[in-house]
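Q: Sequence:
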Amino acid sequence: LADKLYRRNPAEWRKTSTISRDAALAQLRVAVDTRTPWPELQGKRDIAALSLALGPDFKGDRVAAFIYASADMVVTAHGGKTTYYLTDSLDAQYIYNAARNIEIAVWMLSNRRNAAGQPLLLADEITERERNLSFEREFGKIIGRLDLLSSVLTEKYRRAVITYVQNLLGGTFLQFLPVR
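Its first residue numbered 10, the sequence shown is counted upward by one per residue in this note's numbering.
The set of hints was computed from the structure by calculation and includes no laboratory data. Any given hint might turn out to be false.
Unchecked claim - Within a straight-line C-alpha distance of at most 27 Å, the following computed DSSO-like cross-link-like pairs (lysine-lysine) qualify:
| # | residue 1 | residue 2 |
| --- | --- | --- |
| 1 | 24 | 68 |
| 2 | 13 | 53 |
| 3 | 68 | 53 |
| 4 | 13 | 68 |
| 5 | 53 | 90 |
| 6 | 13 | 90 |
| 7 | 24 | 90 |
| 8 | 150 | 13 |
| 9 | 68 | 90 |
| 10 | 24 | 13 |
| 11 | 165 | 150 |
Work out the full structure, taking the sequences as your base and the hints as a guide.
A: Written as C-alpha cells, this is what we have:
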C-alpha cells in the first residue's frame with residue numbers, strides 16, 4: 010500500500026531525507042518491523058497517530074505516517090507481537106476493533122481535504138472516464154482478513170468453553186464401566 014500511495018503521491022516521500030521512493034519504503038518497513046516510533050508522529054501511536062497523520066495541519070510524509078500508524082494499530086491489536094507461537098493467544102475483540110478502525114481510516118483517507126479542497130492523499134479515483142478503486146480493494150482485503158481472524162478466534166473460545174463444560178459434567182456421570 011505504501012508503494013502504491015507513493016506512486017500516486019510522489020511529493021510525500023520527497024518530504025523525507027531519503028534519496029528515492031525505494032529508500033523511503035525501506036525506511037518505513039524497518040520502522041514498522043522493529044516498532045521504532047515514527048519521528049513525525051511525535052511519539053503518538055495507534056489511533057492517535059492515525060488521527061495526526063490525516064490531520065490538515067500535518068506537514069511531514071503523510072504516506073509513511075498513515076501506513077506506519079495503520080500497521081502499528083494492527084500490531085497493537087495482535088498484542089504488540091509480530092511473531093507467534095502455538096501457545097500464544099489473541100483477543101478477538103481487539104482484532105475486530107482493528108478492522109473497524111481500518112474502515113474508519115479508509116473513510117478518512119477518501120474524505121479528508123486540505124484548505125484548497127484537494128484530497129490530503131490521492132488514493133481511489135472516480136471520474137467520468139474511469140474508476141480506480143484499487144486502494145478500496147486492498148484495504149478491503151485487510152479488513153476481511155481481520156474479520157475472519159476475529160471470527161475464528163471467537164469460535165475457538167466458544168468451542169473451548171463447550172468442551173470444558175462437557176468434560177466437567179460428563180466426566181463424573183459418563184464413566185466407562187469395567188469390562189471384567
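Q: Determine for every hint whether it applies to the structure shown.
A: Okay, the hints, checked on the actual structure:
Using a Cα cut-off of 27 Å, the hinted pair residue 24 and residue 68 holds, with the two alpha carbons roughly 9 Å apart. Restraint check for residue 13 and residue 53: satisfied, since their Cα atoms lie roughly 24 Å apart, inside the 27 Å limit. At roughly 15 Å between alpha-carbon atoms, residue 68 and residue 53 fall within 27 Å of each other, so this suggested pair holds. Taking the CA atoms of residue 13 and residue 68, the gap is near 20 Å; set against the 27 Å cutoff, the hint holds.
Restraint check for residue 53 and residue 90: the C-alpha separation of about 18 Å stays at or below 27 Å, so the hint holds. For the hint linking residue 13 to residue 90, the alpha-carbon distance of about 26 Å falls within 27 Å, and the restraint holds. With a C-alpha separation of about 30 Å, the suggested pairing of residue 24 with residue 90 is violated against the 27 Å cut-off. Among the hinted pairs, residue 150 with residue 13 is consistent with the structure: their alpha-carbon atoms are about 15 Å apart, no more than 27 Å.
Annotation: proposed proximity of residue 68 to residue 90 is violated, straight-line Cα distance about 30 Å (limit 27 Å). A C-alpha spacing of about 17 Å is found between residue 24 and residue 13, which places the hinted pair at or below 27 Å, so the restraint holds. A distance of roughly 22 Å separates the Cα atoms of residue 165 and residue 150; the hinted pair therefore holds under the 27 Å criterion.
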